[in-house]
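2 protein chains.
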Amino acid sequence: MDTLTVIKIGGNVIDDATALQRFLSAFASLAGPKILIHGGGKIATQVADKLGIQTTMVEGRRITDQPMLEVVTMVYGGLVNKQIVAKLQTLDINAIGLTGADASTVLAKRRPVKDIDYGMVGDIEEVDSGQIQFFLRQDLTPVFAPITYSTVGELLNTNADTMASAIAVDMVRHNQVTLVYCFEKKGVLKDPTDDNSVINELTPTLYADYKAVGAINKGMIPKLDNAFKALDKGVSKVIICHADEVAQAVTQGAGTTLKK
Amino acid sequence: MDTLTVIKIGGNVIDDATALQRFLSAFASLAGPKILIHGGGKIATQVADKLGIQTTMVEGRRITDQPMLEVVTMVYGGLVNKQIVAKLQTLDINAIGLTGADASTVLAKRRPVKDIDYGMVGDIEEVDSGQIQFFLRQDLTPVFAPITYSTVGELLNTNADTMASAIAVDMVRHNQVTLVYCFEKKGVLKDPTDDNSVINELTPTLYADYKAVGAINKGMIPKLDNAFKALDKGVSKVIICHADEVAQAVTQGAGTTLKK
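Protein chains in written order, with my numbering: chain G, 401 to 660; chain X, 401 to 660.
Please note: incorrect hints may appear among the correct ones.
Cut-off 30 Å, straight-line C-alpha distance, at most; resulting in silico cross-link-like pairs (DSS-like, lysine-lysine) [what the hints assert, rightly or not]: (1) G:Lys450 to X:Lys442; (2) X:Lys637 to X:Lys659; (3) X:Lys442 to G:Lys442; (4) G:Lys442 to X:Lys450; (5) G:Lys629 to G:Lys442; (6) X:Lys585 to X:Lys442; (7) G:Lys450 to X:Lys450; (8) X:Lys629 to X:Lys660; (9) X:Lys618 to X:Lys660; (10) X:Lys629 to X:Lys659; (11) G:Lys660 to G:Lys442; (12) X:Lys611 to X:Lys514.
One-sided excerpt, in silico: chain X residues whose CB lies under 8 Å from chain G [what the hints assert, rightly or not]: (13) Leu451; (14) Lys482; (15) Ala486.
None of these hints come from the bench; they were simulated from the model. Quick caveat, the model's predicted, so the values are computed rather than measured. Glycine included, each C-beta is placed from N, C-alpha and C at the ideal position.
Generate the whole structure from the sequences, applying the supplied hints.
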């Protein structure tokens, strides 16, 4: 069984044309079937600003009213997604840009209002991994924008980290799966002030220890909780690494590898 | 062999939420495999205006500089395409939104500058009908935004009528094909001032006659020239009809049917 690599690339790389090109070349060089999930970056906020639509973030999450939903649909589902697809085509990767609505790949439900009304934000209900597998078998490389849909035809803004993890977990039915989160650091750091203090392997026990001493900081905790959950649900390996090191991380163990 | 229906829906319907919903319901009701190609409508111009990007049209064609290309990629490839896909999903049509870059379905070349520099506008070079057929065989319904790509990774703005005709012509390799242009009139009119003077059947000879007496006016001529070319290249039937009458046009002969 081929190992499938599911990679999430964050907004900071999307915002930097040179860094994005470097990342896409590395992504294209990876052997075997692969899936890319991209974030949105600051372009959505910039476009919203110019359109006179105010951006409100609560704990790093975008409040998505109807006008903001239209902005993220345009920017993530249109501009960013199609630019990535066209670039991958020149790198001989037959990419296909998708939102969750396309081919009903990722169904979600509008998040119920509790303390905060996030608006048109989706919590994932179901991934159609059979459909995704069918694209992979045809040598297509799915490139997902972080937009899903609901059974009543709403488009919903969805966290790209969560989308990557949900897709990776469901793809376990068909493949051995490696999930890779690319971001702006070389991995999970022992010392947040030292970029070279990368933890090579992280187990749940070690993770608890680092949290206890405060070495692993607040922003990393939801990402790592999510990543350990993916391992529990059958993903073989989770890697957290710098976007520039994605090829080395997958093949030679750069970055941080999470183990059960 | 199933008859494949390739339908182009224009911007005037895209701009009108109620008319779009009516059209999509009729589209969903059509039996057999089908493909939708949509135009962009005025939303691109409105978004461009708000972003401070000037719209220049020459003979009904949009001059597409780099900022305008980003707008049409956002609006056609993102907003309009994904809204249509999500709506079709609620109508039990497993739609998949595509630009020509996705799965390398429609390759184009940037139009050479002659009298007018149209900018980032694509002339279609090649349709991968095998890839499109593969989606259809999986009961997916392709929904194309009028954006193509070039071998150097440019996204290119492409006329939706031309894209519909190029796709229909190439799909002849796999299916018997009916090509339908939906617009705001009930068909090709004998008398442009009388909405009920629809010509039921139009042959090249009749077309020449109507042009000679000036009954068929300037705007229809490129559309009809294009349509007759599609017939010459193997498309079985071309229909020109009102968006509201697409189901009757395909099954009961409403609108204008072009014959060789």
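Each hint tested on the structure:
no.	hint	result
1	G:Lys450 to X:Lys442	18 Å, holds
2	X:Lys637 to X:Lys659	7 Å, holds
3	X:Lys442 to G:Lys442	26 Å, holds
4	G:Lys442 to X:Lys450	18 Å, holds
5	G:Lys629 to G:Lys442	28 Å, holds
6	X:Lys585 to X:Lys442	18 Å, holds
7	G:Lys450 to X:Lys450	7 Å, holds
8	X:Lys629 to X:Lys660	10 Å, holds
9	X:Lys618 to X:Lys660	21 Å, holds
10	X:Lys629 to X:Lys659	11 Å, holds
11	G:Lys660 to G:Lys442	34 Å, violated
12	X:Lys611 to X:Lys514	28 Å, holds
13	Leu451	5 Å, holds
14	Lys482	5 Å, holds
15	Ala486	5 Å, holds
Of the numbered hints stated above, the single one contradicted by the structure is hint 11.
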